[in-house]
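Novice: Top to bottom, those sequences are chains A, B, C, D, E, F, G and H. To convert, note that position 175 of the first sequence is 175 in our numbering; the numbers rise steadily by one, no gaps. Plus 1000 on top of the position in the second sequence (first one is 1) and you've got our numbering. Plus 2000 on top of the position in the third sequence (first one is 1) and you've got our numbering. Plus 3000 on top of the position in the fourth sequence (first one is 1) and you've got our numbering. Plus 4000 on top of the position in the fifth sequence (first one is 1) and you've got our numbering. Plus 5000 on top of the position in the sixth sequence (first one is 1) and you've got our numbering. Plus 6000 on top of the position in the seventh sequence (first one is 1) and you've got our numbering. Plus 7000 on top of the position in the eighth sequence (first one is 1) and you've got our numbering.
If you're looking for bench data, these hints aren't it; they were derived computationally from the structure. None of these values were measured; they are calculated from a predicted model. Positions of the beta carbon are idealized from the N, C-alpha and C atoms, including for glycine. Please note that the accuracy of each hint is not assured.
[Said to hold, decoys possible] Which chain F residues face chain G? A few, computed with CB under 10 Å, are given here:
(1) 5154
(2) 5182
(3) 5211
(4) 5214
[Unchecked claim] Per label pair, the in silico range of CB-to-CB distance:
(5) G:6167 <-> F:5167: 26 to 36 Å
(6) F:5103 <-> H:7090: 17 to 27 Å
(7) A:76 <-> B:1163: 35 to 45 Å
There are 8 protein chains.
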Amino acid sequence: MDEPALRRLLEDVRSGTLSADEAVRELRRLPFADLGYARVDHHRALRQGLPEAVYGPGKTAEHCAGIVAELLAEPGGPVLLTRVNDEQADAALSRNPGGVRTGSTVVWRRSPERSERVMILTAGTADLPVAEECRVTLGAFGYQPHLVADCGVAGIHRLVGELDELGEADAVVVVAGMEGALASIVGGLTAAPVVAVPTSAGYGAAFEGVTALLAMLASCAAGLAVVGIDNGFGAACAVARMLGPGPG
Amino acid sequence: MDEPALRRLLEDVRSGTLSADEAVRELRRLPFADLGYARVDHHRALRQGLPEAVYGPGKTAEHCAGIVAELLAEPGGPVLLTRVNDEQADAALSRNPGGVRTGSTVVWRRSPERSERVMILTAGTADLPVAEECRVTLGAFGYQPHLVADCGVAGIHRLVGELDELGEADAVVVVAGMEGALASIVGGLTAAPVVAVPTSAGYGAAFEGVTALLAMLASCAAGLAVVGIDNGFGAACAVARMLGPGPG
Amino acid sequence: MDEPALRRLLEDVRSGTLSADEAVRELRRLPFADLGYARVDHHRALRQGLPEAVYGPGKTAEHCAGIVAELLAEPGGPVLLTRVNDEQADAALSRNPGGVRTGSTVVWRRSPERSERVMILTAGTADLPVAEECRVTLGAFGYQPHLVADCGVAGIHRLVGELDELGEADAVVVVAGMEGALASIVGGLTAAPVVAVPTSAGYGAAFEGVTALLAMLASCAAGLAVVGIDNGFGAACAVARMLGPGPG
Amino acid sequence: MDEPALRRLLEDVRSGTLSADEAVRELRRLPFADLGYARVDHHRALRQGLPEAVYGPGKTAEHCAGIVAELLAEPGGPVLLTRVNDEQADAALSRNPGGVRTGSTVVWRRSPERSERVMILTAGTADLPVAEECRVTLGAFGYQPHLVADCGVAGIHRLVGELDELGEADAVVVVAGMEGALASIVGGLTAAPVVAVPTSAGYGAAFEGVTALLAMLASCAAGLAVVGIDNGFGAACAVARMLGPGPG
Amino acid sequence: MDEPALRRLLEDVRSGTLSADEAVRELRRLPFADLGYARVDHHRALRQGLPEAVYGPGKTAEHCAGIVAELLAEPGGPVLLTRVNDEQADAALSRNPGGVRTGSTVVWRRSPERSERVMILTAGTADLPVAEECRVTLGAFGYQPHLVADCGVAGIHRLVGELDELGEADAVVVVAGMEGALASIVGGLTAAPVVAVPTSAGYGAAFEGVTALLAMLASCAAGLAVVGIDNGFGAACAVARMLGPGPG
Amino acid sequence: MDEPALRRLLEDVRSGTLSADEAVRELRRLPFADLGYARVDHHRALRQGLPEAVYGPGKTAEHCAGIVAELLAEPGGPVLLTRVNDEQADAALSRNPGGVRTGSTVVWRRSPERSERVMILTAGTADLPVAEECRVTLGAFGYQPHLVADCGVAGIHRLVGELDELGEADAVVVVAGMEGALASIVGGLTAAPVVAVPTSAGYGAAFEGVTALLAMLASCAAGLAVVGIDNGFGAACAVARMLGPGPG
Amino acid sequence: MDEPALRRLLEDVRSGTLSADEAVRELRRLPFADLGYARVDHHRALRQGLPEAVYGPGKTAEHCAGIVAELLAEPGGPVLLTRVNDEQADAALSRNPGGVRTGSTVVWRRSPERSERVMILTAGTADLPVAEECRVTLGAFGYQPHLVADCGVAGIHRLVGELDELGEADAVVVVAGMEGALASIVGGLTAAPVVAVPTSAGYGAAFEGVTALLAMLASCAAGLAVVGIDNGFGAACAVARMLGPGPG
Amino acid sequence: MDEPALRRLLEDVRSGTLSADEAVRELRRLPFADLGYARVDHHRALRQGLPEAVYGPGKTAEHCAGIVAELLAEPGGPVLLTRVNDEQADAALSRNPGGVRTGSTVVWRRSPERSERVMILTAGTADLPVAEECRVTLGAFGYQPHLVADCGVAGIHRLVGELDELGEADAVVVVAGMEGALASIVGGLTAAPVVAVPTSAGYGAAFEGVTALLAMLASCAAGLAVVGIDNGFGAACAVARMLGPGPG
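In isolation and in its complexed conformation, chain A is listed as follows (with noise of 0.2 Å):
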């Protein structure tokens, strides 16, 4: 309920078309629908500039359907099923047609084509399929991220080839397991946005995650904004509120 729409409200109540009682109904009525198993949020989007995402773990595959349902029921922005497992998909996918299914996110009503930069950069394979999530998960949002895999700091030379657009990115996106240094080195080469992203890939002392997440967090280039562990997911949303709502 913004600001606008409070001023109508109020108007109506000094112009008798509301009574009093009707207006403090109205200011109840809030912005979400109740399916009973969940409080489906409708201005979310509006709000946060973020689409509308469901997360699968711990729920039903009816539970999936219906709050991806509920959210395609109104008019709006991109809607996404994350970390699904298969029963999952089918279910929402077979009771919402149209959505694309990538990975473990599915993806409905993909926002139009967006022309910013954004780069994800992977230390090794096993970060893929972090990264493939926030690939996705941009691509919901419109941009059409480019990522390099496999480029970690024990072959840093891997990386000299995408010096030139490392500079020239809008945003980038460093998905490392391990020690996860290679955050460190793209910070220190380039002046744009770099959100990082510890992943569980490693062993030896690389403990599910928490060393590449710590590593990441006292890193001595200045200025890298981090996620949660194996976090792909809001490594693109924090992508998407820095380049954000877009000339549209």
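With chain A fixed as given, assemble chains B, C, D, E, F, G and H onto it according to the hints.
Specialist: Same frame as chain A, now just chains B, C, D, E, F, G and H:
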């Protein structure tokens, strides 16, 4: 040494202006000055779009003064000395006139003013020193952030009056200790990029900022960009990356 | 063995009805039944005002059934079997008819209805199993809690419609994973006792509930009562302690 | 801004007493006073039923005095200044006469006496400062808690003399460091609500209160309400929530 | 190679019965048998007073059987195979007849009975497997421990009937998960040596036994001897060390 | 209140010497003295076979002196004041003459000499203060332990000369920081009970004793009895429990 | 691109053989092959003196086979595929004949034999898989390490027979779980470089190798070189770095 | 007591020069000097190839001086006193002339110069004290390491000028705090042995060196040899082990 410079150098070799030996030597001439105790990086500002910053702790007052002098010896953008004690600040200011100290930060060569709107919110009064470091660093870049203190979630209505400004901000920095919940709330209320800074303020189970750090990383508000504990400088740098080099 | 009973026993000794040896033996007769594999505590309900509860994991189906039978053999209040698998539930229900299973909890001898108003709020849909355990346990005590799911802080307006009920509740249970911020918000909005239950739902840096647990303990909202991770049963018991034995 | 106030405001708009613009402004007028360095929340007491409390650490003596003054400027309940040092206490008391300091806590406007019975038990002598903070805070609310020190489980018989009082208490606070086992014992002996406060007292493997905190959260006595380490103030607030606003 | 043996060897050298070279070789002849995959230590029983024990996990069934065979090939005390699965137990028993399996432990060559009184107490039913490992290991040494299950502190009166026996025990083993408070209580009630075994049983904040482990180490009851999580075998060995080699 | 006393009391009731009311009062008369700030437990020595010990930190000098005086007021065994500072020691010694201070421990009423052989080994010189606390506490019990310092595993041959004594010891205490490996070595060399005390000495990755603590708990030498970090007093109490009350 | 190559390239530019544009392109030609899913680093062996190794987990069988094929397409040293499952090994071996699988490691193009003496010691039988990975990797380099299993510190005499060989070894790898004390012992007995590999073998308080890792890092034996948990491959690489490229 | 000495001793017994009793006594004569407070190990240098080093913290100035004197009393290699304060250094130097103090390290009897090339790199200026300890210790062994400070990954080009030297080094020590990424970069650029030393320098999420330690252990550059936090001495010893006893 960017691509045009390399191309020019190669043309000089081709034209005979430069011998191969000289070119090798030239390619080795790296853009830093070696003071023995520090290697001052004269091109970081260009490469990263960030100010030259000297972190005080663990350096002698003389070293602080010397590194700042070296950085100011070349033309460029703002120079910062952070987390200084009085002795370091005095030595650096006396050798390098023109600096302005605010709290534990000293700034030389402030950038021209920029018009983007940056908000800094703190959860409590105890978070102010970290917020100040962020504000002063942003000020060195030319920003004039609006700092709103003490609007933590225990009295969430204190945030309501800021909703319009939050909605129109180009970037928001949330500085919070304890359980850091303010970052989640703000992230749910605005589409702007949100940089979350956990602080070491708190007691009970705050664990010197670890609780706030974890809570911000696990936030249910998508797309928060988290930096390290008490890292107001880093948060400002993250904002600077996001808002880019500016029209100039 | 409470004071009046002790006094009576001593009078019996004084009057010669009981010899000293018999009295010693009597004093040794403890109010539990030793089944070999378990010592069933028949007086816990009186002593603690809590239901007799049997925790399923690690017990054989036969043991579960046997302990429940022993508890039902004496008159008393509700008896619960918690975190059961199908085999345990089947064995216990077939040996002890009259139980009602809801999710992973089975209840026998539900207490008479009570009129206090208890709210259970969850931050997300994934927190529902823990909220259900809490709701069923409260139901065994006679309460009819109002469960409101999925009103986490990413869309804080979903909570606004509950403000009146929050203000009038006799007790509120907040069930939340991820960063657990909902507990802080609710604690800031109501004067009622608030029991905060961290859940293991979440990803990124949720660390199986540890982040939510720490955040609730470090909450800037004063006076939150925190229980262990996923401990919906414990939260219900905390509410039962707070609301007391009731008028009956 | 509660519902009746909102209804009145809307009636004023309807009747023309208030223009829509004025109403919007009014709705924006939030019940806090912005001192610049703090946003004093004048309605917290109503909303949460808790005292207005100012946490000393990290605030200047002037800020402490100023915030207390602002809180006392409006009629209301008790005002507390907690964890003060001498300078803060002196400044606050000299600007705001009528306060009473006990240990590190200062209280103004003590509430009228209440009759509920609250017990505070400590495991050892070293837990006393935390217990004192709890006792003084409860005193500000009008309670007169009975504090029993040094009855830890190494000599569990010291607790036996308190059994009757434990059985009749309206609330019990257990303050314990080391392994915190006293909370489990007390929880097993009484049906009253039990608030468990881990303290940082101890050595060997007490880890500054973490061991006691974990032990209380994992207690086999169901329904313990745990607060943060050394948080005597929080424990008192939890009790205040449980016992409610009182007959007055 | 103990001192008398060394003295004898030196006398043989002196008398010419043994050449220096032979003596060096003899001194090198170490009291173990190298099976390639294991170095079986034939003198551990003499040196440590403990049974020969083979830890099953990570060994093939053939290796288990082979090591047991080697140990039984020399005369000596009891031989144990611990934490076996069915395949390991079957292989070992079929190659080495005469063993007795109880739970996950197999024992060969049980020691003659001993008369010392050892009590094993468990806090809950879920602690029984660990207590059983302890009981069987003590049985291999000749002890006949009295195992009392399920007398945790939530119903501390269940322990009262055991007070006499506790007072007269030569050693007490307390097996407890959750918050492990039973060890503190028992330590406060008896002068006997108390070995505390934390178990991984529990939920909420039990953290796989870490909470119980820390609580036992930080116990306010002085002189508890703590072993590792779920280490019933280790607890039995600690008791065996305490009670010594026996009269025989 | 042991069984014979209870029996006597009941006979008195039976014979009419004692009324039921008096008996109840008598049963309530607990064997401790309530000093207000402490509940002095006069029967702990009998119950636990341990000395009366007062832990200094967190107590005023007056409290230390008062508690010691109360303990000495009744006949009994040794009384200890541990971890004292100079002010506490002076106050306690001046009010209670006859005490002997060694390091941070003061002992009154040393027990008669005992003949059991106790060895204390330290890995390094930095472990000596903890070993001293253990030695002095054992001395209060009447033992005359043999303390061998600085025989850590980096030069394992320094231990060889102690092998005979190790083999004949009635109990061995190993005090070690860093990685605590000495406890494993000693445990592998002797059949005697071994109490392992981790110390906070060390650097690199010693983490204030946590590394040594974990290593001792995970030792491959079976049956080590571990106590908390730097807990020399606890180790002595563990030895006292093991060696029992002695012939007297 | 080493210095001579750069010099040659510049000469070519100078002589006109190469245009500036061509030179820039040439300088960009990086020594890796981009397979899309991986960037195969053809010069790592030269640069690091280590084998080309492909880490199996998280890669498809096809990717494994493809990367190995790419590595074998260029002449060079040994190629390893590590931590493979059967499917990965089969695919890689069938596409790239000539590989030899041992346990979870496959080796192609073994280096010629080298004469340095490398010992691998394990504390227990359960450490063997890690030791095997180390042995096979060293074998790929041409070494023929001597593996001595099961000589942990609980029976330290089992190590004595290895003393001569330890003294003459060019490098020693110690593989140990539990408390990892064997590394300290060996470090105290030899002047050779010692690489310590903690393993996840163990129970009680071994915490999946963390205890052994910390103990090895905090070892009182100076100069131990520690690698990550279970990282037998890394230990072999550390040895390879130490012993250098060999005479060839 | 090495093998030739044992053989000689046995010959003396055989020839009657030595009685069996004398031989036993001789075998017991261990190569250390017992000062009461320390057991000085005169053969460590021979056995481990490392200098005799005395760790200052926790020792009195007199003990430091005495242990150094004992070590110098026998002929041998370098003697070090590390992490000294002024009082310890003064006492040790005044009793043992000829020592040279650098920072917190004092060296006596420096070894003759060696020709191997050792590089020490630090990520930042704050890492210098640790690098200095390493440099001075290597100096005591006769090495003349080249220390290059402040070439962390935020400006990775500062490392480029060192590439040739890195390629030719016999060993490289990398000293880095924060996220420790420099070790990974260097490990990827050189085939030389790399010893990685995490330091406690840093802020944000550096956690006193734990982040750098974990990152180095989880490095994607294979074969890094990691030592404990701030352990410059240990790193030097690791290098000494690698480079061996030298030609002399």
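Novice: Check the following: the C-beta atoms of residue 6167 of chain G and residue 5167 of chain F are separated by a distance inside 26 to 36 Å.
Specialist: Given a distance of about 28 Å, which is inside 26 to 36 Å, the answer is holds.
Novice: Given a hint of 35 to 45 Å, does the C-beta separation of residue 76 of chain A and residue 1163 of chain B actually sit inside it?
Specialist: 21 Å Cβ-Cβ, so the 35 to 45 Å window is violated.
Novice: Is the gap between the beta carbons of residue 5103 of chain F and residue 7090 of chain H within 17 to 27 Å?
Specialist: Holds - the Cβ-Cβ distance for residue 5103 of chain F and residue 7090 of chain H, about 25 Å, lies within 17 to 27 Å.
Novice: Does the CB of residue 5182 of chain F sit less than 10 Å away from some CB of chain G?
Specialist: 9 Å, holds
Novice: Measuring from the C-beta of residue 5154 of chain F to each C-beta in chain G, is the shortest one below 10 Å?
Specialist: 4 Å, holds
Novice: May I ask you to test the interface hint for residue 5214 of chain F with respect to chain G, counting a Cβ-Cβ separation under 10 Å as satisfied?
Specialist: 4 Å, holds
Novice: Measuring from the C-beta of residue 5211 of chain F to each C-beta in chain G, is the shortest one below 10 Å?
Specialist: Holds, because the Cβ-Cβ distance from residue 5211 of chain F to chain G comes to roughly 4 Å (cut-off 10 Å).
In summary, the structure is inconsistent with hint 7 from the numbered list given earlier, while agreeing with all the others.
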